[in-house]
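**Student:** Please build the complex by placing chain L on the supplied structure of chain G, with the hints as guidance.
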Amino acid sequence: MRWLWIDAILLHEPGARLVAVKNVSLAEEHLHQHFAAGADGPAQPLMPASLMLEGMAQTAGILVGSVRNFSEKVILAKVTEAVFEQDVVPGQSIRYDAVIERLDDMGASTKGVISRWDHRDATCATWTDIGRTEIIFSHVDQSRAGLELPEHNFVFGENFRAILGGLLPRPAGHAPSH
Amino acid sequence: MTQEEILGKVRTVLVDALGVDEEDVKLEARLTTDLHAESIDFLDIVFRIEKAFGFKIGQGELFPDNINDPKYVQDGVVTQDGLALLRERMPHVDFSEFAKDPKLEKVSEVFTVSSLVSFVAAKLAKSA
Chain G
0 MRWLWIDAIL LHEPGARLVA VKNVSLAEEH LHQHFAAGAD GPAQPLMPAS
50 LMLEGMAQTA GILVGSVRNF SEKVILAKVT EAVFEQDVVP GQSIRYDAVI
100 ERLDDMGAST KGVISRWDHR DATCATWTDI GRTEIIFSHV DQSRAGLELP
150 EHNFVFGENF RAILGGLLPR PAGHAPSH
Chain L
0 MTQEEILGKV RTVLVDALGV DEEDVKLEAR LTTDLHAESI DFLDIVFRIE
50 KAFGFKIGQG ELFPDNINDP KYVQDGVVTQ DGLALLRERM PHVDFSEFAK
100 DPKLEKVSEV FTVSSLVSFV AAKLAKSA
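Protein chains in written order, with numbering that gives the first Met the number 0: chain G, 0 to 177; chain L, 0 to 127.
Since the hints were made in silico from the structure, they are not lab data.
Note that the coordinates shown come from a computational prediction; the quantities given were computed from them, not determined experimentally.
Quick reminder that beta carbons are idealized off the backbone N, C-alpha and C, glycines included.
Worth double-checking, as some hints may not be accurate.
[What the hints assert, rightly or not] Derived DSS-like pairs: lysine-lysine, alpha-carbon spacing no greater than 30 Å straight-line: (1) L/K25 - L/K102; (2) G/K77 - L/K25; (3) L/K50 - G/K110; (4) L/K8 - L/K50; (5) G/K72 - G/K110; (6) G/K110 - L/K55; (7) L/K105 - G/K72; (8) G/K77 - L/K50; (9) L/K50 - L/K105; (10) L/K55 - L/K70; (11) L/K102 - G/K72; (12) L/K55 - L/K8; (13) L/K25 - L/K99; (14) L/K122 - G/K110; (15) L/K55 - L/K25; (16) G/K110 - L/K8; (17) L/K50 - G/K72.
[Said to hold, decoys possible] Listed below are several chain G residues computed to face chain L (Cβ distance under 10 Å; list not exhaustive): (18) K77; (19) D104; (20) T125; (21) S137.
One chain only, chain G, in its complex shape (with noise of 0.2 Å):
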């Protein structure tokens, strides 16, 4: 399994806001576990409050990385905020919202919301706000001088070019191996 929990990039305001989407279906399995049926009930499938913060650092990370051509190892350093106010259940689509509020060398801080479309409804016609975050993002070449870490970007490395597109660039000699 490829460790992406976004599907897509929908706006990318440089330097300012990425906003990403992601569908949550019954295919994935981890929904099956969240919560499987027990001696107290059928099973409720949720998409797990914990993912969709990932979904969120995702979608800041790559931005905050995009502002310096993802040539720094952009690395979640803090959550300081993460509200949570409904849940999200397959058949709905999820959306990331994410601002820079700061960035400078040492990293940057964002805000960021989480709202969800409901495509089961067929009046539903906008994005219903269920969760907010504050995400600090540290450039770990830049505050962590003394760490030994690999030479490659490892952030942003072959799972993120599939969703990255345009945003980011091939690197020189790279080529598809067919």
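**Tutor:** What follows is chain L alone, placed relative to chain G:
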């Protein structure tokens, strides 16, 4: 802005950044040993102070940068030159205790709530 007003805003910053109780944020409280701030919390505190007071804080202005120059740090110990540099750059901090055993790993322990209040007061005075 009075010292009391500055302390009030600094207290809110620390309650939000560190999840501590208001009554724990006393002037003499140390950010690391008393309020359990970790390294990344310092970045959070810098961002929040900027927002609360409406000024920009340069890198290494409130808290020290990584010091790798052997002139300033040797074998994990801050040299006399290093101490002089810290005192010059950070007049809001009392380094007298630290100077007795200036191990670099302990430098973050010098920061108290009082040093933040002094820093903000000096910044506001300069911009006034």
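**Student:** Which earlier hints can't be squared with this structure?
**Tutor:** 20
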